[in-house]
Amino acid sequence: MRLIVPLQGVVQGRGGIILGSIIPCALFYFLQFYLKRHRSLPPTNPTLPSTSSGNLSELQRCSSRANLLPRGSTVRVRVSARASSIAKPNDSPYYIGLDRVREDPYDEMSNPDGVIQLGLSENRLSLDMIEKWLSENLSISMLGLGGDGLGISGIATYQPMDGLMELKVAMAGFMTEVMGRTVSFDPSQVVLTSGATPALEILSFCLADQGNAFLVPAPYYPGFDRDIKWRAGVELIPVHCRSCDNFTLSIAALEQAYNQARKRGQKVRGILISNPSNPVGNLLNKDMLYDLLDFARDLNIHIISDEIFAGSTYGNEEFVSMAEIIDSEDADKDRVHIIYGMSKDFSVPGFRVGVLYSFNENVLAASRKLSRFSSVSTPTQQLLVSVLSDTNFTQEYIKTNKQRIRSMYNLFVAGLRELGLKCTESNEGLYSWVDMSRLISPYSEKGELDLWDKLLNVAKINVTPGSACHCIEPGWFRFCYTTLNEKGIPIVVDRIRKVVERCKPTVLKL
Amino acid sequence: MDQLLSKIAINDGHGENSAFFDGWKAYDSDPYHPTQNPDGVIQMGLAENQLSFDFVEEWVRNNPKASICTEQGANDFRDIAIFQDYHGFPEFRNAVARFMEKVRGNRVRFDPDRIVMSGGATGAQETLAFCLADPGEALLVPTPYYPANDRDLTWRTGIKLLPVICESSNNFKITSSALESAYNKAQESNIKVKGLLLNNPSNPLGTVLDKQTLTESLNFTNNKNIHLICDEIYSATVFSKPDFISIAEIIEENPNCNRELIHIVYSLSKDLGFPGFRVGIIYSYNDSVTNCARKMSSFGLVSTQTQHLIASMLSDEVFLDRFIVESSKRLGNRHSVLVKELARVGIESLKSNAGLYCWMDLRRLLKEFTFEAEMELWRVIVNEVKLNVSPGSSFHCSEPGWFRVCFANMDDETLMVALKRIHKFVIQSKGINVVNEVPNSRKQYRRNNKLEINLSFRRLDGIMMEPHKMSPHSPMSSPLVRART
Numbered sequence: 001m002r003l004i005v006p007l008q009g010v011v012q013g014r015g016g017i018i019l020g021s022i023i024p025c026a027l028f029y030f031l032q033f034y035l036k037r038h039r040s041l042p043p044t045n046p047t048l049p050s051t052s053s054g055n056l057s058e059l060q061r062c063s064s065r066a067n068l069l070p071r072g073s074t075v076r077v078r079v080s081a082r083a084s085s086i087a088k089p090n091d092s093p094y095y096i097g098l099d100r101v102r103e104d105p106y107d108e109m110s111n112p113d114g115v116i117q118l119g120l121s122e123n124r125l126s127l128d129m130i131e132k133w134l135s136e137n138l139s140i141s142m143l144g145l146g147g148d149g150l151g152i153s154g155i156a157t158y159q160p161m162d163g164l165m166e167l168k169v170a171m172a173g174f175m176t177e178v179m180g181r182t183v184s185f186d187p188s189q190v191v192l193t194s195g196a197t198p199a200l201e202i203l204s205f206c207l208a209d210q211g212n213a214f215l216v217p218a219p220y221y222p223g224f225d226r227d228i229k230w231r232a233g234v235e236l237i238p239v240h241c242r243s244c245d246n247f248t249l250s251i252a253a254l255e256q257a258y259n260q261a262r263k264r265g266q267k268v269r270g271i272l273i274s275n276p277s278n279p280v281g282n283l284l285n286k287d288m289l290y291d292l293l294d295f296a297r298d299l300n301i302h303i304i305s306d307e308i309f310a311g312s313t314y315g316n317e318e319f320v321s322m323a324e325i326i327d328s329e330d331a332d333k334d335r336v337h338i339i340y341g342m343s344k345d346f347s348v349p350g351f352r353v354g355v356l357y358s359f360n361e362n363v364l365a366a367s368r369k370l371s372r373f374s375s376v377s378t379p380t381q382q383l384l385v386s387v388l389s390d391t392n393f394t395q396e397y398i399k400t401n402k403q404r405i406r407s408m409y410n411l412f413v414a415g416l417r418e419l420g421l422k423c424t425e426s427n428e429g430l431y432s433w434v435d436m437s438r439l440i441s442p443y444s445e446k447g448e449l450d451l452w453d454k455l456l457n458v459a460k461i462n463v464t465p466g467s468a469c470h471c472i473e474p475g476w477f478r479f480c481y482t483t484l485n486e487k488g489i490p491i492v493v494d495r496i497r498k499v500v501e502r503c504k505p506t507v508l509k510l
Numbered sequence: 001m002d003q004l005l006s007k008i009a010i011n012d013g014h015g016e017n018s019a020f021f022d023g024w025k026a027y028d029s030d031p032y033h034p035t036q037n038p039d040g041v042i043q044m045g046l047a048e049n050q051l052s053f054d055f056v057e058e059w060v061r062n063n064p065k066a067s068i069c070t071e072q073g074a075n076d077f078r079d080i081a082i083f084q085d086y087h088g089f090p091e092f093r094n095a096v097a098r099f100m101e102k103v104r105g106n107r108v109r110f111d112p113d114r115i116v117m118s119g120g121a122t123g124a125q126e127t128l129a130f131c132l133a134d135p136g137e138a139l140l141v142p143t144p145y146y147p148a149n150d151r152d153l154t155w156r157t158g159i160k161l162l163p164v165i166c167e168s169s170n171n172f173k174i175t176s177s178a179l180e181s182a183y184n185k186a187q188e189s190n191i192k193v194k195g196l197l198l199n200n201p202s203n204p205l206g207t208v209l210d211k212q213t214l215t216e217s218l219n220f221t222n223n224k225n226i227h228l229i230c231d232e233i234y235s236a237t238v239f240s241k242p243d244f245i246s247i248a249e250i251i252e253e254n255p256n257c258n259r260e261l262i263h264i265v266y267s268l269s270k271d272l273g274f275p276g277f278r279v280g281i282i283y284s285y286n287d288s289v290t291n292c293a294r295k296m297s298s299f300g301l302v303s304t305q306t307q308h309l310i311a312s313m314l315s316d317e318v319f320l321d322r323f324i325v326e327s328s329k330r331l332g333n334r335h336s337v338l339v340k341e342l343a344r345v346g347i348e349s350l351k352s353n354a355g356l357y358c359w360m361d362l363r364r365l366l367k368e369f370t371f372e373a374e375m376e377l378w379r380v381i382v383n384e385v386k387l388n389v390s391p392g393s394s395f396h397c398s399e400p401g402w403f404r405v406c407f408a409n410m411d412d413e414t415l416m417v418a419l420k421r422i423h424k425f426v427i428q429s430k431g432i433n434v435v436n437e438v439p440n441s442r443k444q445y446r447r448n449n450k451l452e453i454n455l456s457f458r459r460l461d462g463i464m465m466e467p468h469k470m471s472p473h474s475p476m477s478s479p480l481v482r483a484r485t
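If you read the protein sequences in the order shown, they are chains C and W.
Residue numbering for the first sequence follows UniProt numbering, beginning at 1 and increasing consecutively.
Residue numbering for the second sequence follows UniProt numbering, beginning at 1 and increasing consecutively.
Hints should not be assumed to be uniformly reliable.
To be verified - Selected chain C positions facing chain W (in silico; Cβ < 10 Å): (1) Phe28; (2) Asn111; (3) Glu122; (4) Pro198.
For the record, the hints were derived by calculation from the structure and aren't laboratory data.
Note that the coordinates shown come from a computational prediction; the quantities given were computed from them, not determined experimentally.
A virtual CB, placed ideally from N, CA and C, is assigned to each residue, including glycine.
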């Protein structure tokens with residue numbers, strides 16, 4: 001009571017100049033200051049680990065630009081709002097995992113207790129084949145030197161930013177081969193970029209404006225959040241798939257997601273599918289692809305098909321590219337765009353070679369110009385022209401690579417079986433999508449992350465938790481086994497066993 | 001279907017729908033060849049350094065281990081091919097840092113951990129723009145400037161470029177008053193300025209910035225608390241005095257300045273002549289920017305094969321020392337041949353000591369002191385004299401009559417042919433009605449101009465107000481057109 005009456009007078013502005021005006025003003029400023037301090041802590045979203053991306057150790061899932069730094073942030077020097085959120089240390093388990101591997105990498109000889117990398121979808125199984133080819137077919141002419149070569153000026157000078165025509169031809173041939181020769185790719189529709197990452201970003205810039213959205217079946221590759229949202233500012237709307245359907249996409253779910261987006265006032269410009277899918281390892285069959293095309297046509301939107309794992313199939317199902325669907329139907333060609341690259345099927349992620357393939361002339365025209373920011377290094381182009389032009393080798397490579405992935409898959413699945421763990425029936429990819437939901441407690445994202453933590457710090461293996469992939473059901477993990485050799489599988493199984501035995505299965509999985 | 005595309009995909013931000021594209025089209029459709037097409041168009045609009053390839057070839061031949069395409073180097077193939085860490089090879093970063101130090105006479109130190117890769121300097125500039133400014137904000141750029149800045153810095157980023165006018169009366173020096181005036185103009189138009197972009201050595205002028213200008217720029221940006229981006233891509237193309245001074249040196253001399261505002265753009269495209277390798281470098285003294293740029297480098301990483309080759313090459317100190325000296329010498333010789341021959345027919349050029357080009361003064365050949373006359377002259381040079389040179393208006397030059405001519409992207413014989421053509425043209429055009437008196441200030445030429453409205457001002461306003469729309473004077477220093485097949 002003693003405080004209230006004088007305060008009342010102050011707040012009402014009575015009490016003369018000092019009490020009546022200065023003190024209320026002071027109170028007002030203190031209130032503002034207090035609010036500013038509390039608003040300056042940005043919302044932290046648990047980010048989803050990326051599996052096949054590189055080493056973005058600090059990727060924070062950032063949504064539309066509107067959510068970036070609130071006012072009154074305490075960043076010292078004014079960088080852009082974009083940069084402020086991207087530069088923050090990442091709390092995503094995936095990138096933390098990658099960092100741990102970098103700091104303490106497993107090595108059979110020199111560091112047998114290190115962290116084994118199972119969280120990066122790279123394929124080390126068939127590099128020896130390419131190495132052998134190089135040693136048998138080497139010539140300094142790959143560097144443009146010697147004999148009738150143009151000299152270093154042939155590769156060092158400015159070249160078309162969207163890639164050498166020779167490489168486009170070789171790449172189109174390789175893609176045709178990889179995708180089963182059911183469709184022929186046209187070199188004039190190829191735009192080469194330094195990796196599939198910029199190819200996807202370029203498509204995002206071409207097909208949508210800031211603030212628009214793409215529908216994406218979830219769980220999905222976490223790198224999409226970076227590639228599409230960061231600079232192009234396009235939103236991703238997850239369309240959840242469930243284990244009861246074996247994580248297959250349904251048109252009904254797409255429709256629902258589209259309608260909900262419309263209600264929110266979000267403009268959907270396209271669907272982004274990954275086929276073969278990452279992280280689950282499914283293939284979309286022909287019927288589904290036709291349905292997707294119908295769906296896209298009805299809504300007048302685009303389809304981006306990320307087919308980067310097309311050559312890493314080993315199951316009994318045949319891979320069908322979007323290009324095959326379009327081949328037979330002339331209409332709607334303009335809405336289909338395909339992403340490919342050399343990082344998975346051909347195991348050369350370091351070389352940064354990606355492909356943007358489109359049937360839309362306008363998209364191609366814009367993409368060729370935009371490729372100036374992400375061109376492929378010419379010596380690498382020359383090297384690949386040589387290798388990919390040897391079609392005997394590439395056919396042999398593709399065949400053998402698939403066999404090796406299949407063997408590793410079998411070994412790994414057998415190992416999981418020993419531990420009582422199941423994974424989705426998969427036909428492709430460099431990874432397994434494993435169900436560890438009965439081992440997590442509570443049955444939630446927190447439980448999942450606890451298990452992930454144990455796997456990383458106790459078992460010392462880096463795997464990707466499903467929450468990083470926006471999976472709606474907790475407890476699923478992606479294990480990439482193609483980074484290992486055969487000897488590595490039992491070691492990994494033993495390590496997983498350590499953790500599995502510690503976890504009591506939850507009584508009921510709802 | 002067109003309405004299905006984004007604004008970026010259909011707008012003119014790429015800058016290629018310009019009249020100047022004619023010059024490149026003309027070259028492409030009729031490229032000069034000494035035996036097969038001796039009357040073709042000679043390319044003098046591309047700033048490329050082809051003078052020292054023999055050096056590099058020799059080195060590559062003598063160092064087979066550096067390239068994985070050789071027996072000795074193939075063993076490294078696996079580790080190189082699979083490596084996808086966006087930090088890049090430490091050897092690569094170290095080598096680049098040491099090279100940058102060497103070019104600056106070892107007067108400064110660069111921290112390899114701050115070296116961030118990008119898709120050429122093109123990618124570096126765009127990434128910095130994404131990091132430093134939000135859509136609608138602006139960077140100040142002294143004119144005349146590299147035309148592709150408009151596309152690289154604004155197309156996808158949504159930022160604006162505002163010119164800082166420099167005039168021929170003082171050799172296009174950047175003055176404090178010009179900086180202040182540009183800044184104030186932005187304030188008046190309610191545009192937030194986030195930084196100043198300097199190009200040192202300058203393209204298209206070929207001059208190096210002196211200590212005073214650099215210090216003034218540093219003070220200006222510090223006072224306004226805005227960023228300072230220094231594009232030092234031509235730093236090793238200096239062939240005579242005065243020496244190149246890097247902003248890194250100025251920072252050392254001004255320890256109280258705010259380092260977090262300083263960022264350097266570099267590349268191997270000009271100094272070493274490797275534009276095809278796509279090696280762009282961002283060096284920022286600001287941790288947030290370094291961090292953010294490094295993550296964004298995923299969109300433009302340098303191929304590990306190239307990183308490996310460059311790491312070896314740039315660690316060979318003996319080779320580098322010889323290369324830098326020899327390259328400078330060759331550039332210097334070329335430059336003096338060109339300048340001398342131009343002077344013989346009365347064409348002056350701006351006194352320059354760096355870069356791969358000359359800034360020619362063709363004001364005497366203009367019918368009138370207007371940009372229209374400049375374009376007319378340019379069309380004559382491209383279509384009749386058959387030389388693709390770049391008109392000053394494409395560089396946003398405030399005065400008509402200046403042209404950039406590149407001299408390092410051809411062999412000696414071709415240069416001689418080009419010079420002969422220039423001689424012939426100038427001698428012939430002495431019969432044309434040309435303006436004899438060169439005005440020494442913009443005010444004077446405005447008075448000479450009979451037109452009611454001063455078109456040059458209108459054009460500049462046009463450039464300022466519509467940053468996304470490329471003025472019809474945008475350049476074609478775009479290498480896009482160099483189809484090799």
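Going through the hints against the structure:
no.	hint	verdict
1	Phe28	violated (27 Å)
2	Asn111	violated (16 Å)
3	Glu122	holds (6 Å)
4	Pro198	holds (4 Å)
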